[in-house]
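S.K.: Protein chains in written order, with the working numbering: chain Y, 2 to 192; chain A, 2 to 192.
Treat the hints with caution; some may be incorrect.
Note that the list lumps identical chains together, so a pair holds whenever it fits in one copy or between two copies.
Capping the alpha-carbon separation at 27 Å, the derived lysine-lysine pairs in DSS-like fashion look like this [as the list claims (entries may be wrong)]: (1) Lys68 - Lys148; (2) Lys160 - Lys54; (3) Lys21 - Lys143; (4) Lys21 - Lys136; (5) Lys21 - Lys140; (6) Lys136 - Lys62; (7) Lys143 - Lys35; (8) Lys68 - Lys143; (9) Lys140 - Lys160; (10) Lys140 - Lys35; (11) Lys160 - Lys148; (12) Lys136 - Lys52; (13) Lys140 - Lys54; (14) Lys139 - Lys52; (15) Lys143 - Lys63; (16) Lys139 - Lys78; (17) Lys78 - Lys35.
Derived by calculation from the structure, the hints in this document are not laboratory data.
All figures in this text were calculated on a predicted structure; none of them were measured in a lab.
2 protein chains.
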Amino acid sequence: MADGYHHGNLRQALIDAGIKIINESGEEALSLRKAAAACNVSHAAPYAHFKDKDELLEAIKKSVTDKFTEDLEDAVKNAGSADEALIAMGRAYISFFSRNPDYFMFLFGKQNISAHLQMNKEDKEDYPPFLLLRKYYKKHLKENGIKLSSEEQEIELIKTWAIVHGMASIACMKGVNTSFDWNEPDVRLIT
Amino acid sequence: MADGYHHGNLRQALIDAGIKIINESGEEALSLRKAAAACNVSHAAPYAHFKDKDELLEAIKKSVTDKFTEDLEDAVKNAGSADEALIAMGRAYISFFSRNPDYFMFLFGKQNISAHLQMNKEDKEDYPPFLLLRKYYKKHLKENGIKLSSEEQEIELIKTWAIVHGMASIACMKGVNTSFDWNEPDVRLIT
DNA sequence: CTCTAATCTTGACAGTGTCAAGTTTGGAGT
DNA sequence: ACTCCAAACTTGACACTGTCAAGATTAGAG
């Protein structure tokens with residue numbers, strides 16, 4: 002079933018091969034033909050499963066985003082309070098991209114973030130990591146008895162996201178050495 | 002001089018043509034051959050001025066970064082206090098990338114930021130926008146009579162940069178609609 | 001006025017994404 | 001059990017890419 006004319010599970014195999022190539026040699030190095038070759042399949046075989054190179058790329062992004070979201074959820078699991086959860090999430094966020102800087106460019110560079118998430122334009126912010134942030138931020142407001150207008154909440158939410166996302170971005174700039182250990186980010190950076 | 006065998010100023014012409022192509026069709030669309038064609042020059046002519054495609058890309062990044070730095074410096078000019086300067090800078094930072102989202106990916110995606118800035122590894126943070134930030138941050142500390150340890154300063158500095166840079170990054174994510182006007186960023190987002 | 005070194009052209013090569021046309025085959029419907 | 005179709009895959013081709021080698025041109029130093 003795996004070595005006949007039909008591969009059996011080429012779609013997933015191409016995604017896995019793609020991730021492996023990106024991990025080993027960067028996004029630049031990924032070509033449809035190489036991914037196909039890695040699956041022992043002819044150069045045009047991928048077109049049975051993906052309309053485009055972009056469509057393969059989006060599938061890979063989806064896969065990486067899932068892994069990222071899992072990391073964030075794991076970080077939140079052992080948190081006692083919402084405040085602890087938010088900090089743990091921030092550190093996990095930065096740590097994830099610090100450990101895999103290529104993924105940062107891959108996920109946020111180039112294309113719109115919307116593509117690999119099937120966002121509909123009405124439902125604006127269904128980016129899973131952002132959903133998680135929103136959830137624990139609201140919990141944090143409740144636990145600490147803080148009352149904010151929804152507009153003010155929105156601002157605080159974006160600010161929180163921005164600082165963590167900005168940290169991750171900076172951590173991924175190899176040229177800008179900041180003497181911080183981004184793998185185990187200083188708590189003071191986030192709070 | 003401009004239409005003979007020798008172009009006269011091909012190097013700069015290639016940079017300009019490259020920027021134009023990126024502006025009109027995105028980074029993907031830029032090829033050495035197209036840039037060469039835009040300068041009415043054969044496909045291998047660029048190799049007299051750039052060793053690589055990457056070397057052209059770096060030259061273009063340098064050019065864009067210069068424009069970006071100019072914007073920040075302009076924003077700071079009319080500020081009365083350091084506090085005002087910092088806010089104006091933050092807004093200009095976000096506004097610049099909000100107006101040219103392609104540049105964000107172009108400058109910060111893919112390659113190390115270090116390459117197009119000729120950073121030496123000892124002198125870590127000579128990224129011009131960051132230098133500007135540091136300058137006005139120190140002025141802010143002095144004007145307000147705030148005393149911080151240099152370590153604490155470093156943390157605050159990175160946090161400030163991160164929040165603004167994160168905002169810019171978020172503003173460039175077309176999929177994540179946040180209902181803010183990033184062109185004229187809300188002051189509350191930065192402070 | 002000469003000649004060298006920088007600049008540019010021409011031609012070639014391997015690698016890329018993509019399409020069109022043909023081949024194989026699992027599996028549904030009889 | 002047999003047929004046959006649609007999905008999966010192959011083969012071959014095309015235009016385009018970055019890069020290099022070899023040659024042509026020419027500006028400008030001497």
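S.K.: Now look at each hint and say whether the structure bears it out.
M.R.: Each hint tested on the structure:
no.: 1; hint: Lys68 - Lys148; in the structure: neither (34 Å within a copy, 42 Å between copies)
no.: 2; hint: Lys160 - Lys54; in the structure: neither (35 Å within a copy, 37 Å between copies)
no.: 3; hint: Lys21 - Lys143; in the structure: neither (43 Å within a copy, 51 Å between copies)
no.: 4; hint: Lys21 - Lys136; in the structure: neither (33 Å within a copy, 43 Å between copies)
no.: 5; hint: Lys21 - Lys140; in the structure: neither (38 Å within a copy, 48 Å between copies)
no.: 6; hint: Lys136 - Lys62; in the structure: within (23 Å within a copy, 39 Å between copies)
no.: 7; hint: Lys143 - Lys35; in the structure: neither (52 Å within a copy, 57 Å between copies)
no.: 8; hint: Lys68 - Lys143; in the structure: neither (29 Å within a copy, 45 Å between copies)
no.: 9; hint: Lys140 - Lys160; in the structure: both (17 Å within a copy, 24 Å between copies)
no.: 10; hint: Lys140 - Lys35; in the structure: neither (47 Å within a copy, 54 Å between copies)
no.: 11; hint: Lys160 - Lys148; in the structure: both (17 Å within a copy, 25 Å between copies)
no.: 12; hint: Lys136 - Lys52; in the structure: neither (36 Å within a copy, 51 Å between copies)
no.: 13; hint: Lys140 - Lys54; in the structure: neither (41 Å within a copy, 50 Å between copies)
no.: 14; hint: Lys139 - Lys52; in the structure: neither (41 Å within a copy, 54 Å between copies)
no.: 15; hint: Lys143 - Lys63; in the structure: neither (32 Å within a copy, 47 Å between copies)
no.: 16; hint: Lys139 - Lys78; in the structure: within (17 Å within a copy, 40 Å between copies)
no.: 17; hint: Lys78 - Lys35; in the structure: neither (39 Å within a copy, 52 Å between copies)
The structure is inconsistent with the numbered hints 1, 2, 3, 4, 5, 7, 8, 10, 12, 13, 14, 15, 17, although it conforms to all the rest.
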